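4 protein chains.
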Amino acid sequence: MKTHKIGVAIVGLGYWGPNLVRNFNKLSDIKLEYGCDLLESNIKRAKHDFPQIKYTTNYNEILQDPYVQAISIATPLSTHFDLAKKALLSDKHIIVEKPFTKTTDEAKELIKLAKKKKLKVMVGHTFVYSEAVKKLKTLIDAEKLGKLLYYDSTRINLGQLRKDADVIWDLAVHDFAILNYLIKDRPIIIKTVSSSPLRNKSDELAHIFITYKNGFTAHIYVSWLSPIKIRTILIGGKKKMVLYDDIQPSEKIRIYDKGITIPNEDVTPFNPLYRSGDILIPKIKSNEALFNELSHFILCIKNDIKPITDGYDGLKVISMLEASDASMKTGKEIQIEF
Amino acid sequence: MKTHKIGVAIVGLGYWGPNLVRNFNKLSDIKLEYGCDLLESNIKRAKHDFPQIKYTTNYNEILQDPYVQAISIATPLSTHFDLAKKALLSDKHIIVEKPFTKTTDEAKELIKLAKKKKLKVMVGHTFVYSEAVKKLKTLIDAEKLGKLLYYDSTRINLGQLRKDADVIWDLAVHDFAILNYLIKDRPIIIKTVSSSPLRNKSDELAHIFITYKNGFTAHIYVSWLSPIKIRTILIGGKKKMVLYDDIQPSEKIRIYDKGITIPNEDVTPFNPLYRSGDILIPKIKSNEALFNELSHFILCIKNDIKPITDGYDGLKVISMLEASDASMKTGKEIQIEF
Amino acid sequence: MKTHKIGVAIVGLGYWGPNLVRNFNKLSDIKLEYGCDLLESNIKRAKHDFPQIKYTTNYNEILQDPYVQAISIATPLSTHFDLAKKALLSDKHIIVEKPFTKTTDEAKELIKLAKKKKLKVMVGHTFVYSEAVKKLKTLIDAEKLGKLLYYDSTRINLGQLRKDADVIWDLAVHDFAILNYLIKDRPIIIKTVSSSPLRNKSDELAHIFITYKNGFTAHIYVSWLSPIKIRTILIGGKKKMVLYDDIQPSEKIRIYDKGITIPNEDVTPFNPLYRSGDILIPKIKSNEALFNELSHFILCIKNDIKPITDGYDGLKVISMLEASDASMKTGKEIQIEF
Amino acid sequence: MKTHKIGVAIVGLGYWGPNLVRNFNKLSDIKLEYGCDLLESNIKRAKHDFPQIKYTTNYNEILQDPYVQAISIATPLSTHFDLAKKALLSDKHIIVEKPFTKTTDEAKELIKLAKKKKLKVMVGHTFVYSEAVKKLKTLIDAEKLGKLLYYDSTRINLGQLRKDADVIWDLAVHDFAILNYLIKDRPIIIKTVSSSPLRNKSDELAHIFITYKNGFTAHIYVSWLSPIKIRTILIGGKKKMVLYDDIQPSEKIRIYDKGITIPNEDVTPFNPLYRSGDILIPKIKSNEALFNELSHFILCIKNDIKPITDGYDGLKVISMLEASDASMKTGKEIQIEF
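So the protein sequences, as listed, match chains A, B, C and D.
Terminal number for the first sequence in the numbering used here: 342, no gaps in between.
Terminal number for the second sequence in the numbering used here: 342, no gaps in between.
Terminal number for the third sequence in the numbering used here: 342, no gaps in between.
Terminal number for the fourth sequence in the numbering used here: 342, no gaps in between.
For reference, chain A alone in the conformation it holds in the complex (with noise of 0.2 Å):
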């Protein structure tokens, strides 16, 4: 005898977790049924701070009972796979954060099963439901901007250093998302250059460049070793350019009214023509991406929709960061291959 509401448990409440507690605290319609985590100490917090839910170190009561109809999973990624699949095999839609899982044959597994099951998967790409990007993205689609010349991001601060990531994983898979989202061409090649200055084992600043199946290409700068914070992306297009700056707290998007325009390339003397026009700064609503994400995830269930970023997104970034991997070992290009 279910409840209407929607049963939900999340599993792994260190850094992130609680995040997403707070913010399915806030849907009206679903019930946050269990909080799970190995470690006593994250759940004596999390205890503390919600204290409505029922909490466990035990995953498989989650997987048993009945009233749970979906598992956040919020815990290290070498553990995504493993507990993604259970949840599945229980029955259970999931979401998953990202990066989805540690190779593209674990994704397609989970892509496969949930199908075979009719299950929803979706990945914790957020910033693809904040409203900045969906602004991007509304722009984009209405060919305010014109023909894309280049996407060009910056993502640098001071740490957080992971023994288990590098980072790229840590940071690019915010562009992968992103790029995924915002670009329908077919990313085909990747070229990473980076380098690790501090401790010489795995890289802490890095650069990727992605190119596109029609030639418009991509550049990705991450690090975790600048002392200034900077969470820019910039998008050139014919007609219009448009900067992102995710640290603004309102002023987070710039429209450019600029571009240049080469009439005859073959005369002399060489004479571009340059348009410098008005500067938009549209209004941006204050909703935050990561509830945005989860009232998606339980419309899909509800309502039986594909989500934005579901498990073949969540898989393609995979790839992505494969490719990022493979070329910083070897210096070379990489095939994007999903």
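By construction, these hints were calculated from the structure, which means they are not laboratory data.
Just to be clear, a hint being listed does not mean it is correct.
Pairs count within a copy or across copies, as identical chains cannot be separated in the list.
[What the hints assert, rightly or not] Derived DSBU-like pairs: lysine-lysine, alpha-carbon spacing no greater than 35 Å straight-line:
hint: 1; residue 1: Lys336; residue 2: Lys151
hint: 2; residue 1: Lys35; residue 2: Lys148
hint: 3; residue 1: Lys141; residue 2: Lys89
hint: 4; residue 1: Lys205; residue 2: Lys122
hint: 5; residue 1: Lys151; residue 2: Lys167
hint: 6; residue 1: Lys167; residue 2: Lys243
hint: 7; residue 1: Lys48; residue 2: Lys9
hint: 8; residue 1: Lys188; residue 2: Lys116
hint: 9; residue 1: Lys141; residue 2: Lys48
hint: 10; residue 1: Lys120; residue 2: Lys289
hint: 11; residue 1: Lys30; residue 2: Lys205
hint: 12; residue 1: Lys242; residue 2: Lys217
hint: 13; residue 1: Lys333; residue 2: Lys58
hint: 14; residue 1: Lys119; residue 2: Lys205
hint: 15; residue 1: Lys233; residue 2: Lys217
Quantities reported herein were computed from a predicted structural model and do not represent experimental measurements.
Add chains B, C and D to chain A, keeping to what the hints say.
The following block gives chains B, C and D in isolation, referenced to the frame of chain A:
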């Protein structure tokens, strides 16, 4: 019967030349003798602003005038070598705008000739004479930053597209000159990733990666296709990190007491220490860099001193530009030779 | 049989109350016993977010509960006096939101009653507990700024218009509290210039000028009609000058080594000396001010300490608000009495 | 036998004069005849930079030269009246630096004399000719801002202290000129609050409040004692609000689609509507204001047009300065008479 004041002629009165005239005009120990250009319109404009100088379209007139001891060459790159060589053969000291020459061979020949003639050759790497870059040099030489981790420059804006040069010869030339001034170690390898989304002929945006003998790396991003003008150099050191933002009118340099220490990489949990202290914005003098540069040139002539940015420094920059070009064409890492 | 943990009740769960609940909830040495509000909708929302507390619409229930030792009052201003008096009469310590009371008479009565009952009265002048204002206090007390020349505050944004309070009671109250904390000298005269261009009933923008006994002056600009949010305080001293920008996420304070010295005013030409040195942005802790405030309140109760912002401090602020009102109405300078 | 080009002389070659020479020199329809100053050192410097002009220390030489048709007066304020009067009596058009004269009586006499002589009198209210202020004028005249609510200017920096003028005559003069240009309504009352914390002789910081006939109010804050340079004017309108930040190199004007509407002030709960839409940064031309100003002066002479900032405009500004002074001394509101 020469006067005590050093006679100077300026060749090339187009975009940059008038700045040379204006700054030479502020020096008390020289006498501006000539302005020279092939275009009457350039001469007319210069004569209107600086009527106190003689003007000519005939370079030989300058070469033959015994009152001219030094020639400032600000003509198109393709003419540098020829004009410079003639000047040296006529026993004139020269200061040549950057880039010094079209090829390293040209640079080497000029250096050799000047040595034989005991004349000064200086290259107009103006940023080296800016108060901000001088401050960076002082900080690095006094080991305030500790071991250097990386150099990261962003030099982007809209235009000015050129037909005779790509974005690297136009913009990265500044960073090569700054790097040669700041970094004592030897650059050995250059790798370039570039594209030309707008016109598909010569490159409009490029990323250049330089590896030094001791492993230090530099990244330079130059573009003619950005709606915003950015001129930032970030230098990370083990002790301190520095941001140099040349767009700022007075607060050009920020010194961050920030960093990361890894006491022991093999303990679990991995626990790097983050240091985030005060930020210092040191007072920078407001002298114009070009004035400093020309003063230095005259000082070198008067006191027979080797210029900071002499011909050999110009040669190093040209060799880096050549290596960048080769990497662009081949997609490979190129050894820097000089 | 009391527990060792101090029992706390929060009255008023509207706009500010939830922040009090969230921060009291972080304190380990208290027990949050009750939330109280007259509106069921406010209680419902609070119960959803913080289900671990008892809720009531009956204030007497709290007054009579022996486990409640302290009451936090965050209700509309008009109710402060009555609720606070009842709490004191029931032997509860109180912390009252700013402004403390409607009138100085009310404030005086509460102070007297608390003294008699030996209970703590604290006023929620939150800014005094912010790390940035504490840093200003340290700088001033250590005489780093030298003799103070002026205090200049700009506290403007769009809205929130109120019907029950003008812009001074809404916004200038913060500056009065900060001034009382920072400036040892006694404020003696207030002069206010205000206007209400939008609705012509209560004032929407105002300038308040305060003169201190030793001649020091403060200016405060508050407005509900600015399209941009500004929160800056500029404090000029003979040795150093400080800008405190509360909008900045991390670089809230800038210390300028700037100033003017007049060696001799009677010489001709008049030749003042300008000093323009480094700028220092000191590292400021990121503790939330409200958390600091509530910790201090609990500490004062446990160790029988006088709160920094006690009832007398609240009274001083109310007397300054009354003087501002009187100046607004009469257009004259008003003596501050407290 | 006059040339077709208007002969111009510049009197006063100190701080501002060289800017006049440089900009007059760009005009094609004038001939710069003379520079004049009492100090040989000023003449020497000007002669070095602009050797094409005649120089003299004798003002009469200029007055008697029939080739001089217009005189630009950039000498200390105390000499304006005498020099201007002599110029008019010698049948020369004049452009006088701001402030126009020491007193309104002087201004009136010059206006009367010029009228009789049919000569142009223009006052150098340069800001009125800046592209940014012209843009503000266009916005206001096209009623893009709706009914104006307030004008709020902050014009502060460190120095330059003067002995012969207080901060109002030095800085607020700009705002008076801008207000007279932008606001059609008549200013009737001025109230000033000022202080001089540094030297206690003439005022170093001041707030000026101006009330217009229709109730519109302006506030101007000027200071010589701020460590940061601020040049902002905020204009609130019922439809739109505008920020003009003169420090910005290119983004000087921001138009905010923000505002507040109160549908019914008498309903409970009080529920004003806040509008917060897009921000527009219009493209502003980069012409130098002083060049625009001098072009206009020459145009007025050639085509016999009344200058935008004519003698009567100068008089209005002087009457506002006199009212400010009177309010400073008496602490009272002062009626503006002109």
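We went through each hint and held it up to the structure:
1. In this assembly of identical chains, Lys336 and Lys151 lie within 35 Å of each other by CA distance both inside one copy and across copies; the values are 29 Å within and 29 Å between.
2. For the homomeric pair Lys35 and Lys148, neither the shortest alpha-carbon distance inside one copy (41 Å) nor that between copies (50 Å) is at most 35 Å.
3. Taking identical chains as interchangeable, the C-alpha atoms of Lys141 and Lys89 lie at most 35 Å apart only when both belong to the same chain, with a minimum of 32 Å there against 57 Å between chains.
4. In this assembly of identical chains, Lys205 and Lys122 lie within 35 Å of each other by CA distance neither inside one copy nor across copies; the values are 42 Å within and 51 Å between.
5. With identical chains, the CA atoms of Lys151 and Lys167 are at most 35 Å apart between copies only, with a shortest distance of 23 Å across copies and 41 Å within one.
6. Proximity of Lys167 and Lys243 under a CA criterion of 35 Å is satisfied inter-copy only: 22 Å between copies versus 43 Å inside one chain copy.
7. In the homo-oligomer, the alpha carbons of Lys48 and Lys9 lie at most 35 Å apart both inside one protomer (26 Å) and across protomers (19 Å), since each shortest distance falls under that limit.
8. Taking identical chains as interchangeable, the C-alpha atoms of Lys188 and Lys116 lie at most 35 Å apart only when both belong to the same chain, with a minimum of 24 Å there against 57 Å between chains.
9. Within a single copy, Lys141 and Lys48 get their C-alpha atoms no closer than 41 Å, and across copies no closer than 38 Å, so neither meets the 35 Å cut-off.
10. Taking the closest pair of Cα atoms, Lys120 and Lys289 never come within 35 Å of each other, the shortest separation being 38 Å inside a single copy and 52 Å across copies.
11. For the identical chains of this complex, Lys30 and Lys205 are neighbours neither inside a copy (42 Å) nor across copies (39 Å), given an alpha-carbon limit of 35 Å.
12. In this assembly of identical chains, the alpha carbons of Lys242 and Lys217 lie at most 35 Å apart only when taken from the same copy (18 Å versus 41 Å across copies).
13. In the homo-oligomer, the alpha carbons of Lys333 and Lys58 never lie at most 35 Å apart, since the shortest distance is 45 Å inside one protomer and 59 Å across protomers.
14. In this assembly of identical chains, the alpha carbons of Lys119 and Lys205 never lie at most 35 Å apart, being 39 Å within a copy and 47 Å across copies at closest.
15. Taking the closest pair of Cα atoms, Lys233 and Lys217 come within 35 Å of each other both inside a single copy (32 Å) and across two copies (29 Å).
Checked against the numbered hints given earlier, this structure breaks hints 2, 4, 9, 10, 11, 13, 14; the rest are met.
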